[in-house]
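Undergrad: Top line first, the protein sequences correspond to chains A and B.
If you're matching positions, the first sequence starts at 1 in this note's numbering and goes up one per residue.
If you're matching positions, the second sequence starts at 1 in this note's numbering and goes up one per residue.
Be aware that one or more of the hints could be misleading.
Computed list of chain B residues with no C-beta within reach of chain A, every gap over 10 Å [said to hold, decoys possible]:
hint : residue
1    : Met1
2    : Leu10
3    : Phe17
4    : Ala27
5    : Ile32
6    : Ala37
7    : Arg46
8    : Val66
9    : Thr69
10   : Ile95
11   : Val122
12   : Ser136
13   : Leu138
Computed cross-link-like contacts, DSS-like style, restricted to lysine-lysine with a CA-CA straight-line distance of at most 27 Å [to be verified]:
hint : chain 1 : residue 1 : chain 2 : residue 2
14   : B       : Lys54     : A       : Lys391
15   : A       : Lys424    : A       : Lys409
16   : B       : Lys56     : A       : Lys193
17   : A       : Lys96     : A       : Lys125
18   : B       : Lys60     : A       : Lys225
19   : A       : Lys376    : A       : Lys386
20   : B       : Lys85     : A       : Lys409
21   : A       : Lys193    : B       : Lys88
22   : A       : Lys376    : B       : Lys88
23   : A       : Lys376    : B       : Lys60
24   : A       : Lys225    : A       : Lys429
25   : B       : Lys13     : A       : Lys429
26   : A       : Lys429    : B       : Lys60
27   : A       : Lys386    : B       : Lys54
28   : A       : Lys392    : B       : Lys14
29   : B       : Lys56     : A       : Lys386
30   : B       : Lys14     : A       : Lys165
31   : A       : Lys391    : B       : Lys14
32   : A       : Lys392    : B       : Lys13
33   : A       : Lys376    : B       : Lys54
34   : A       : Lys225    : B       : Lys13
35   : B       : Lys4      : A       : Lys386
36   : A       : Lys17     : B       : Lys56
37   : A       : Lys424    : B       : Lys4
38   : B       : Lys13     : A       : Lys409
39   : B       : Lys13     : A       : Lys386
40   : A       : Lys429    : B       : Lys14
Don't read these hints as lab results, they were simulated from the structure.
The C-beta atom is built at its ideal place from N, Cα and C for all residues, glycine as well.
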Amino acid sequence: MIWNETVECMSRDDMRKLQGIRLKQTVERVYHNCEPYRKRMQEKGITPADINDISDIVKLPFTSKQDLRDYYPFGLLSTPMSEIVRLHASSGTTGKPIVVGYTRNDLNLWNEVGARCFSAFGLGKQDVVQVSYGYGLFTGGLGAHGAVETIGGTVIPMSSGNTEKQIMLMRDFGAVGLACTPSYALYLADAMKDSNISREEFKLKVGVFGAEPWTEEMRRELESKLGIKAYDIYGLTEVIGPGVGHECECQNGTHLCEDHFFPEIIDPKTGESLPPGESGELVFSTITKEGMPLLRFRTRDLTCLHYEKCECGRTSVRMSRILGRSDDMLIIRGVNVFPSQVESVICEIEELEPHYFIVVDRINNLDTFEIQVEVKDNFYSDEVSKMIAIKKRIAHRLQSVIGLTPDIKLVEPRSIERSQGKAKRVNDKRKFNS
Amino acid sequence: MLIKQLSIFLENKKGRFTEVAKILGDAGINMIAFTVAENSDFGILRLIVSEPEKAKEVLKEHRYAVNSTDVVCVQCPNQPGALSKIMKIITEAGIFIEYMYAFSMGDRALVILRPDNVEATVNVLSENRVELLAASELFRL
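Next comes chain A alone, as it looks inside the complex:
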């Protein structure tokens, strides 16, 4: 179902006009209310009067993740604290977190875009949705929560963890939707299998997965293991949280809520805007937010944008699957490696469970690249040669995809840590001894 047909199916021309008007308002807001933005614009010699149309956006300075850290905690707010009704923060693993303040209108708009997502996944007021994203500073739990309430569905505010109870309530409350990270969904799938409760006792039909990059292969794995349709919900704490974009029933790209979050693709090296269809770094400008609007925020996510009308009827721009976050990229023996590439290969190999862990180290000035994988129960053989053949096949497939031969290490079943939130799949030991 399309939640807001007026904007989701708006003509491209009307959309650009609307975006232009909203951008101008946002630039005025930040220029007059937020000193760091005003200074940057002055340095570039521009004022709000120079922004009249959405195409003028390229005149504006970029905002980086580092800027958000530098102005920690409230330096980038464009409203007085008295207008801020909620704070969220990213789970930054290093140093200070990134803090985002929301006004009441910001929360309303977040619910609006969230409602578009859940409607696009086929969920509605008759459906029970289990929200197993973490509740708290992380935007996942409360973001999904607000979205389900807005469409009139029934929310089970589970948060993450306590897997046995998750499964019990999923069955007893008849959850039709499950919202969590794809890695936690896999964990739940295994636990459901172990619980000896038959699939028929669950009403689950729809997975709302996001908060970490995942591949098409992972989707197929989740759909077959859980017997559901698995949809991507996209979001970033800095921009608003889950709800920046969503897939539709066509599962052919992530529709962005571009009347609120204007996307651009740039060359990550030069900062130049790239034409539609080209891959590069995704940049967002929030054009309706009040609390902490962001101008040209560099996400570090690598993807491309498509502007053709979708078969679902929506005209909103679609984003390809995120190739990886430029932050996640590993450079091993000079080769760029994204964990998502490893994941797509692992999920394709019949004998393997879709779990992996990458260990990178530097020994005697040479990078080592180890991938730990689990073999599915029935493929563990009594013959060493068969196990070695599996190892060789994985190494060969990875070599052809990423151009680098990893050491494959077969590990015991369930020994790779299952994540209950965002999965940690890489240990790069080089940082500590180089």
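Take the given structure of chain A and dock chain B to it, following the hints.
TA: Frame of chain A; chain B shown alone:
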């Protein structure tokens, strides 16, 4: 004449076998024979036990990767040349042995064979009057 052998995948880590032995011991399961094939990062423990189904179940409960395979147990006199005769029969029948392990006690020797074709092995050995041990006999040793 087929014997169920369990194979268990173990990472090369300290204490893995100790744990398996404890789990089986606690479940009252007796080990009759075993061998470990190892390489740099893992080992495969092949094991013949008194109650293979029960052993498989308890090991699975402890999240071990356990599978079972049919193997053949040959009994021959514990004297020079005895095994060579049996191997000749197998080779001439065109059967390939994936792996084997053996133990001798007193005047007899027992050899566990894992051939590529179990049925053909049983047939050709029976035709040549080689003594094969049934699981029940092996467990009584």
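Undergrad: Hint by hint, note whether the structure agrees.
TA: We went through each hint and held it up to the structure:
1. Met1: holds, 19 Å
2. Leu10: Contrary to the label, Leu10/B does not stay out of reach of chain A, its closest Cβ about 7 Å off (not over 10 Å).
3. Phe17: Given that every Cβ of chain A is farther than 10 Å from that of Phe17/B, nearest at about 13 Å, it holds.
4. Ala27: It holds; Ala27/B is separated from chain A by about 19 Å at its closest Cβ, greater than 10 Å.
5. Ile32: Label holds. Min Cβ-Cβ 16 Å, cutoff 10 Å.
6. Ala37: violated, 5 Å
7. Arg46: Answer for Arg46/B: violated, closest chain A Cβ roughly 6 Å.
8. Val66: Val66/B is in fact no farther than 10 Å from some Cβ atom of chain A, at 8 Å.
9. Thr69: violated, 5 Å
10. Ile95: For Ile95/B, whose nearest Cβ neighbour in chain A is about 16 Å away, the distance exceeds 10 Å, so it holds.
11. Val122: holds, 18 Å
12. Ser136: holds, 22 Å
13. Leu138: Leu138/B is indeed farther than 10 Å from all Cβ atoms of chain A, at 18 Å.
14. Lys54/B / Lys391/A: violated, 30 Å
15. Lys424/A / Lys409/A: Holds: Lys424/A and Lys409/A sit about 18 Å apart, inside 27 Å.
16. Lys56/B / Lys193/A: Cα-Cα ~18 Å, so holds.
17. Lys96/A / Lys125/A: violated, 39 Å
18. Lys60/B / Lys225/A: holds, 20 Å
19. Lys376/A / Lys386/A: It holds: about 14 Å lies between the C-alpha atoms, which stays within 27 Å.
20. Lys85/B / Lys409/A: violated, 41 Å
21. Lys193/A / Lys88/B: violated, 48 Å
22. Lys376/A / Lys88/B: Answer violated: Lys376/A to Lys88/B is near 38 Å, above 27 Å.
23. Lys376/A / Lys60/B: Holds: Lys376/A and Lys60/B sit about 13 Å apart, inside 27 Å.
24. Lys225/A / Lys429/A: Violated - the C-alpha atoms of Lys429/A and Lys225/A are around 33 Å apart, more than 27 Å.
25. Lys13/B / Lys429/A: holds, 21 Å
26. Lys429/A / Lys60/B: Outside the cut-off at roughly 33 Å; violated.
27. Lys386/A / Lys54/B: Holds: Lys386/A and Lys54/B sit about 26 Å apart, inside 27 Å.
28. Lys392/A / Lys14/B: holds, 26 Å
29. Lys56/B / Lys386/A: Cα-Cα ~21 Å, so holds.
30. Lys14/B / Lys165/A: violated, 34 Å
31. Lys391/A / Lys14/B: Holds, at roughly 22 Å.
32. Lys392/A / Lys13/B: Between Lys392/A and Lys13/B the Cα gap is close to 22 Å, so the pair holds against 27 Å.
33. Lys376/A / Lys54/B: The hint holds at about 21 Å.
34. Lys225/A / Lys13/B: Between Lys225/A and Lys13/B the Cα gap is close to 31 Å, so the pair fails against 27 Å, i.e. violated.
35. Lys4/B / Lys386/A: holds, 19 Å
36. Lys17/A / Lys56/B: violated, 68 Å
37. Lys424/A / Lys4/B: Outside the cut-off at roughly 40 Å; violated.
38. Lys13/B / Lys409/A: Holds, at roughly 13 Å.
39. Lys13/B / Lys386/A: Measuring from Cα to Cα gives roughly 21 Å; hence the hint holds.
40. Lys429/A / Lys14/B: Distance of about 23 Å is within 27 Å: holds.
The structure fails to meet hints 2, 6, 7, 8, 9, 14, 17, 20, 21, 22, 24, 26, 30, 34, 36 and 37 from the earlier list, while all remaining hints are met.
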